[in-house]
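Required output: the full structure, derived from the provided sequences and hints.
Chains P and R, in that order, are what the protein sequence lines are. The first sequence: position 138 = 188 (the numbering used here), numbered continuously. The second sequence: position 81 = 320 (the numbering used here), numbered continuously.
What the hints contain is simulated information worked out from the structure, not anything from laboratory work. If you're wondering where the values come from, they're calculated on a predicted model, not measured in any experiment. The reader is advised that the hints may include incorrect statements.
Claimed, not checked - Partial list, derived from the structure: chain R residues whose beta carbon lies under 7 Å from chain P: (1) L264; (2) F268; (3) E278; (4) G280; (5) S282; (6) G284; (7) S286.
Claimed, not checked - Straight-line distance between alpha carbons at most 20 Å, and here's what the computed SDA-like set of lysine to any residue pairs gives: (8) K83/P <-> D339/R; (9) K83/P <-> N313/R; (10) K338/R <-> L81/P; (11) K112/P <-> D177/P; (12) K86/P <-> E270/R.
All C-beta atoms, glycine included, are put in the ideal place defined by N, C-alpha and C.
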Amino acid sequence: MKKLLIAMILTLVASNAFAHFQMLFTPESALNKGQKIELRLAFTHPFADEHTMDMGLQHDTKTLAAVEEFYVINKDKKKDLLSTLKPITWTGKHNAASGFETAYKAKRMGDHLFVLKPAPYYEAGEDIYIQQITKMMVNVAGTPTDWDKELGLKAEIVPLNKPYTIWTGSTFTGIVKQNGKPVPFAEIEVEYINHAPDLKTNAMGPAFVEAPHDSFVTIGIKADANGQFTFGIPKAGWWGFCALGAGSDTEYKGKELSQDAVIWIQAKDMK
Amino acid sequence: MKKITLLTVSLLMLLISTASAHTALMSCFDEGDGTITCEGGFSDGSSASGVEFYIEHKGNVILKTKMNEYSEVNFKKPEGDYQAVFNAGEGHRVYIDGKDIVE
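Written as structure tokens, this is what we have:
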């Protein structure tokens, strides 16, 4: 009985060690022509799908704080999308939690660069807050317009190759920045969305692959002295990169804040 | 003289490689107010401002204009079948059928 309890605690600890990722999901990032797209916002662990978290959970009030910023940039024009967010319940393998949905008309040609700044989330397991400033982009009809913009965010990953133009087996390169300045040797976690998100039921589907070892669930890498990193993409689908604590804000409500930068990319098979 | 020839050849090669490296692109949508907007561009992100654009309707060119400073053109939706053509030169033309242009 004692052994079982220890095993359960160890499992819980191991699960908590998997990376939190702010998902900003849409099924297709490379659109041949303008169309309305669906977006889902959920705070989860995209590879293991062990635990889904309530976006914006506060430690003192136990309520959910509102998303701070959500907008899109196309051809240098910024459009606020905050008022379009509708609360949903996102269901993972083990639990369900609060997230958001919206739809967006990606009508115009070029890149539609989405930026999400959720409220800090209280992670009770670590007694800290986590805020993941997240970028994701969709392109219409192939012309590049905004994908490489440096927005000067408190925490940001600036891509050096287009996040929607990545063949399986090629690479993704980005620079981790804090208020526009590179973050040397930034710690980065990489995860694959290993469960097909179902936008009709707002739930994660079954897993695509199994990790041979826990270190493959969340792959830890580091940026170089200039904050730059490159990662080879072994499988088609969505990959998330999260630079931990890259942001300039370090405290929230008297507790430690990990202000992270997240970017999503989508790889395609050559066939 | 030799230097000038070499320079000319180098410049020509540069021009050729620049011209062939990018792809002409166009996307059109129905504004829902009886007009169509077409946006032009290139795969290298360069502007399509000033590039020729025309509408073919029953074998006739019924509108010939140039992409504006924002690399786009807005025109009254023609009746029936038509084609929107982005003409950035030989090998750089894009055709879109009117029936594929939706809101």
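Here is how each hint holds up against the structure:
1. L264: Where the cut-off is 7 Å and the nearest Cβ of chain P is about 5 Å from L264/R, the hint holds.
2. F268: holds, 5 Å
3. E278: Given a least distance of 4 Å, the restraint on E278/R holds.
4. G280: holds, 3 Å
5. S282: holds, 6 Å
6. G284: Holds - the Cβ of G284/R comes within 7 Å of chain P, reaching about 4 Å at its closest.
7. S286: violated, 10 Å
8. K83/P <-> D339/R: holds, 10 Å
9. K83/P <-> N313/R: Cα-Cα ~17 Å, so holds.
10. K338/R <-> L81/P: holds, 18 Å
11. K112/P <-> D177/P: holds, 14 Å
12. K86/P <-> E270/R: The hint holds at about 14 Å.
Hint compliance for this structure: hint 7 alone is broken.
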